[in-house]
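What follows is each chain in one-letter form.
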Amino acid sequence: MTPERWREIRAAFDRLAPLSRVEREAELGALAEGDAELAREARSLLSAEDRDTGFLGLSGAAALGGVAPHRQGEQVGPWELLAPLGEGGMGTVFLARRADASFDKLVAVKFVHAELLSPLLRERFAAERQALAALEHPGIARLLDGGESASGEPYLVLEYVEGLSLLAFATAKKLSRRERLGLFLQILAAVAHAHRHLIVHRDIKPANILVTAEGEAKLLDFGVAKILTPIAEAEGATRTLLRALTPEYASPEQVLGGATTTATDIYSLGVVLFELLTGRRPYRVPTGAPEEWAEAALHQEVARAPELKGDVEAIVAKALRKSPQERYATVDALADDLRRHLDGRPVAARRGSLAYRAAKFAGRHRGALVVTALAIAMLAATLAVAGTRLRRERDRATLEAATAQSVATFLAELFQRADPARTRGAKLTAREVLDVGAQRIESDLASQPVVQARLMMTLGAVYRDLGLFDRAQPLLERALALEERRAPQDELAVAAVLNELGLLDRMQGELERARPRLERALAIRERRLGAEHLDVGRTLSTLGTVFRLTGEAAQARALLERAVGIAERHAPKSSESGKWRSNLGLIYQDAGELEPARRAFASATEVLELSEGPESPLVAMTLDNLGSVLRTLGRPAEALPVLERARGIVERTWGPSHPQFGNALNSLGDALSDLGRNAEALPLFRQATAVYSAALGPEHTYVAWPLRNEAEALLALGRPSEALPLFERALAIRRVAYGEAHPETAQSLTDLGLGYAALGDLQAAERWLREGLKQSRLALEPTAPALAEAQVALADLLVRLQLPAEAGELYVEALPILRAAYPAGDARIRTLEGHLAELGVAPPPP
Amino acid sequence: MEAGRADSGQSAVTAALVAWGRGESGAGDRLLELVYPELHRIAERQMRREREGHTLQPTALVHEAYLKLVDQSRVDWRNRAHFLGVAAQAMRRLLVDHARGRDRDKRGGGATLVELDSAAGEAGLAVPPRSVDLLALDQALERLSALDAAQARLVELRFFGGLSVEEAAETLGVSTATAGRDFRSARAFLARELGAA
Chain H
39 MTPERWREIR AAFDRLAPLS RVEREAELGA LAEGDAELAR EARSLLSAED RDTGFLGLSG
99 AAALGGVAPH RQGEQVGPWE LLAPLGEGGM GTVFLARRAD ASFDKLVAVK FVHAELLSPL
159 LRERFAAERQ ALAALEHPGI ARLLDGGESA SGEPYLVLEY VEGLSLLAFA TAKKLSRRER
219 LGLFLQILAA VAHAHRHLIV HRDIKPANIL VTAEGEAKLL DFGVAKILTP IAEAEGATRT
279 LLRALTPEYA SPEQVLGGAT TTATDIYSLG VVLFELLTGR RPYRVPTGAP EEWAEAALHQ
339 EVARAPELKG DVEAIVAKAL RKSPQERYAT VDALADDLRR HLDGRPVAAR RGSLAYRAAK
399 FAGRHRGALV VTALAIAMLA ATLAVAGTRL RRERDRATLE AATAQSVATF LAELFQRADP
459 ARTRGAKLTA REVLDVGAQR IESDLASQPV VQARLMMTLG AVYRDLGLFD RAQPLLERAL
519 ALEERRAPQD ELAVAAVLNE LGLLDRMQGE LERARPRLER ALAIRERRLG AEHLDVGRTL
579 STLGTVFRLT GEAAQARALL ERAVGIAERH APKSSESGKW RSNLGLIYQD AGELEPARRA
639 FASATEVLEL SEGPESPLVA MTLDNLGSVL RTLGRPAEAL PVLERARGIV ERTWGPSHPQ
699 FGNALNSLGD ALSDLGRNAE ALPLFRQATA VYSAALGPEH TYVAWPLRNE AEALLALGRP
759 SEALPLFERA LAIRRVAYGE AHPETAQSLT DLGLGYAALG DLQAAERWLR EGLKQSRLAL
819 EPTAPALAEA QVALADLLVR LQLPAEAGEL YVEALPILRA AYPAGDARIR TLEGHLAELG
879 VAPPPP
Chain V
940 MEAGRADSGQ SAVTAALVAW GRGESGAGDR LLELVYPELH RIAERQMRRE REGHTLQPTA
1000 LVHEAYLKLV DQSRVDWRNR AHFLGVAAQA MRRLLVDHAR GRDRDKRGGG ATLVELDSAA
1060 GEAGLAVPPR SVDLLALDQA LERLSALDAA QARLVELRFF GGLSVEEAAE TLGVSTATAG
1120 RDFRSARAFL ARELGAA
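If you read the protein sequences in the order shown, they are chains H and V.
Numbering of the first sequence is given in my numbering, commencing with residue 39 and proceeding in unit increments.
Numbering of the second sequence is given in my numbering, commencing with residue 940 and proceeding in unit increments.
These are computed hints drawn from the structure, not numbers from a lab.
Source: prediction; values computed, not measured.
It cannot be assumed that every hint is accurate.
[What the hints assert, rightly or not] Calculated from the model, a selection of chain H residues having no Cβ within reach of chain V, i.e. all distances over 12 angstroms:
| id | residue |
| --- | --- |
| 1 | Arg45 |
| 2 | Leu236 |
| 3 | Pro244 |
| 4 | Asp370 |
| 5 | Glu564 |
| 6 | Glu760 |
| 7 | Ala779 |
[Said to hold, decoys possible] Beyond 12 angstroms from chain V on every Cβ pair, some chain H residues (computed):
| id | residue |
| --- | --- |
| 8 | Ser187 |
| 9 | Leu219 |
| 10 | Val340 |
| 11 | Thr368 |
| 12 | Ala484 |
| 13 | Arg523 |
| 14 | Ala802 |
| 15 | Asp864 |
[To be verified] Short derived list, chain H residues pointing at chain V, Cβ under 7 angstroms:
| id | residue |
| --- | --- |
| 16 | Pro41 |
| 17 | Trp44 |
| 18 | Phe51 |
| 19 | Asp52 |
| 20 | Arg53 |
| 21 | Ser82 |
| 22 | Leu83 |
| 23 | Ala86 |
| 24 | Glu87 |
| 25 | Ser481 |
Beta carbons: idealized from backbone N, C-alpha and C, even for Gly.
Here chain H stands alone, though its shape is the one from the complex:
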């Protein structure tokens, strides 16, 4: 090769590389007519580049081969490992039983070696767990338990299915064609069940279907399952990474990296049915390389098979259509057609297929129209027959595929840079990886605004969740600007960014900015997705929490109850369900409905431990809330271990400079104070103040929490002169952030009154306490325990000021609030009743 020739090849490569595969093929065809050698060179460079990304799943699986550990006899959680069952798509599976013999059935324990546990595998593991938790069906191997071993490997405990794989069973039992179809119908029922729970399996193949000696088919391995939550774009992109683990059974849209839907499973079921009835695959390929199967799924017609005639041929063909829209709409529709065939009734597929054939003969050039978007695009490019409508369709399809692919590969690179052996705690590495990513999005993706916008949104959200708000803000704002520019095409993308930004605003305490953004996101999502969509629930929850923080309790409650309703109806065991329940719990807690709040937090913890794993940051958050409500219920001794567990998780996951660590310290200090251990609580509050100030700025409302808590502890220790300045700082922060008539400002006003009372300045104390009660009445619901606290604080002072009549009235007002909020016999209630007795006032009957 000469430098001149290399320049020509490079120029061709440069021109072709940014194009989609579809467009590349068209261009290469045109190029080959002029200079076949040049086209060959360009193609070999392009494919050398493509090979580097390849089928990620396959290389992952290959990496797992040959590392089956010898660990028989080992105990994992309560399970004793008996013998290896084999290597699954993502790890080793062991036969196991309960070590304490309390459960006599054998189970399968599935896990991945910790050192092989890349973030990708960890995510797949979590996906499987989440998918299975939602499913209960005789045709699906049940999830029994899950957790993490002592050495940190996550594991799943599944129903152990003793049986043969589908094809082996059919061959061994010499099943008739009718029996095979009966077995297949069982599988369809299981897949339909998963689809009804919005779960797509995505890796249906004979090896993932076991048949027991009784002839019951069980579907296994939801390791690449996708929960059909409405796609937060980034999530959709990440999941695209997992596509096509088994190219022989992969659908055209999986090969192209496009959206996977229930139609994807229907296609794979079509391949399985073809093989079950003929013993062969529906395509012929020369060597069986993954690329060949992928190519065949895209372009080859289904092979003719003498075993398949008439109805069944039509049914298989309809399941195997290249275009998802032309397949059966549901698994039930496929099952219906098979039953019709078994009953000798006419099948729907044949009508469709006759029309299909008629269309095929109607015009030679239009013949390919029913094939994939890919073929359409090639045809359009070469024959130049594309009308404008067709062109739009094509552009959208290829744009989506290309976007998903670019986002996926970019993220893959970022994740692969993180050291897989240290996904937890290795914050520095992850942070460096992010910084590189953020820099590259800006510089390298300028020509791909869609990809750029989505990645900016994703990284912005990650920075935000790491507490790096200064880095998150510009990325998310830029993403919004980019998406707004394309808004007419993709309004939902605008809503997604608005939602992320609103959450950032909320976390930064910018509630006035958060609100209109979230309201706009909600309006878009409701209009485009309907009222029951999980994405609508997401925005409802975020906005509801903003209302809670602005003190608009009724609105907050309405929105969060709606969100929880959506989650309960559509994904009761999902992370969302856990998160939103927890947010609703906070509303209950604010309103003094402590038992509902405790239940909400406890159930949220349970759901999240299962869906996210026991070391998840989300679990730490609900534990924090649970501990807090236990404290308010007067059960600090129960709260203490809960909060200590939360602090540990937070320190390990977020690290010691994250605001969340401030929360954990603050809550733990509170519990110690409740137990009278004020001296131990002081350093925790001080540390929390330092963490919040450093992370959020010294004027942030969060800073006021540990400040006033520290002051309260100082009061309890008899050091009021040190407490007063802290109360004052907290009040100043809250006045600026919230104004006067806000629960937290009101609390700070009362705090100062208590401080002055402790110092002996009763006049000043009275002024502050009266103001505190006045603002509490304006800001709080009449049942809020905080209102009773303000009433009792003022009443206690009035007793000292020799004003018993007014004091008695206030005690009488406060008593029913405390009785409703706390269990009978609570110390606060007894104290109050004692005060009333001293004043000679009869307490109102309970």
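Got chain H sorted already, so can you dock chain V onto it with the hints?
Then chain V, alone, in the frame of chain H:
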């Protein structure tokens, strides 16, 4: 004692960099002579510390050398890019020397494996970090250099120096867009060459 030595090394390298920034002739060569031994020292130490067969991370070494050898308060980022460019060249030489040595005495049973941690990803196309046969890469780079020396230099900067596209573009005096494009075709070329090897 140790600190004193590092200090004098530091001021020499910094001075050479600043001289280069002023456009003094010969400053680049002087820099390379100063940087190579320090890189060698760092690499040797790391290889002793790590288990046999552990991979080297050239960009980490180069950056470590930068932190050690350059007084950052006296140089701007273009000086930094230039330093890293020189260091990248030194790094390539060092690793290839090392790999040859290893081939000769057969202790490692083959070529040194180098994790190309900065080589991944360009214009949204990712390469999983992977190990590459160094001598094969060196030879492929030579072949590329014969076709387009600037492209080979760009790869050297990115692979061995860990320079970002902008930094590499600045060092080579081309636009960022050009550097990005050049790098992509260069990488495809290398992938093809190494895949065939």
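Quick rundown of the hints versus the structure:
no.	hint	result
1	Arg45	violated (8 angstroms)
2	Leu236	holds (30 angstroms)
3	Pro244	holds (30 angstroms)
4	Asp370	holds (39 angstroms)
5	Glu564	holds (33 angstroms)
6	Glu760	holds (42 angstroms)
7	Ala779	holds (51 angstroms)
8	Ser187	holds (26 angstroms)
9	Leu219	holds (43 angstroms)
10	Val340	holds (33 angstroms)
11	Thr368	holds (35 angstroms)
12	Ala484	violated (8 angstroms)
13	Arg523	holds (19 angstroms)
14	Ala802	holds (53 angstroms)
15	Asp864	holds (59 angstroms)
16	Pro41	holds (5 angstroms)
17	Trp44	holds (4 angstroms)
18	Phe51	holds (5 angstroms)
19	Asp52	holds (5 angstroms)
20	Arg53	violated (10 angstroms)
21	Ser82	holds (6 angstroms)
22	Leu83	holds (4 angstroms)
23	Ala86	holds (4 angstroms)
24	Glu87	holds (4 angstroms)
25	Ser481	holds (6 angstroms)
Hint check: violations occur at hints 1, 12 and 20; the rest are consistent with the structure.
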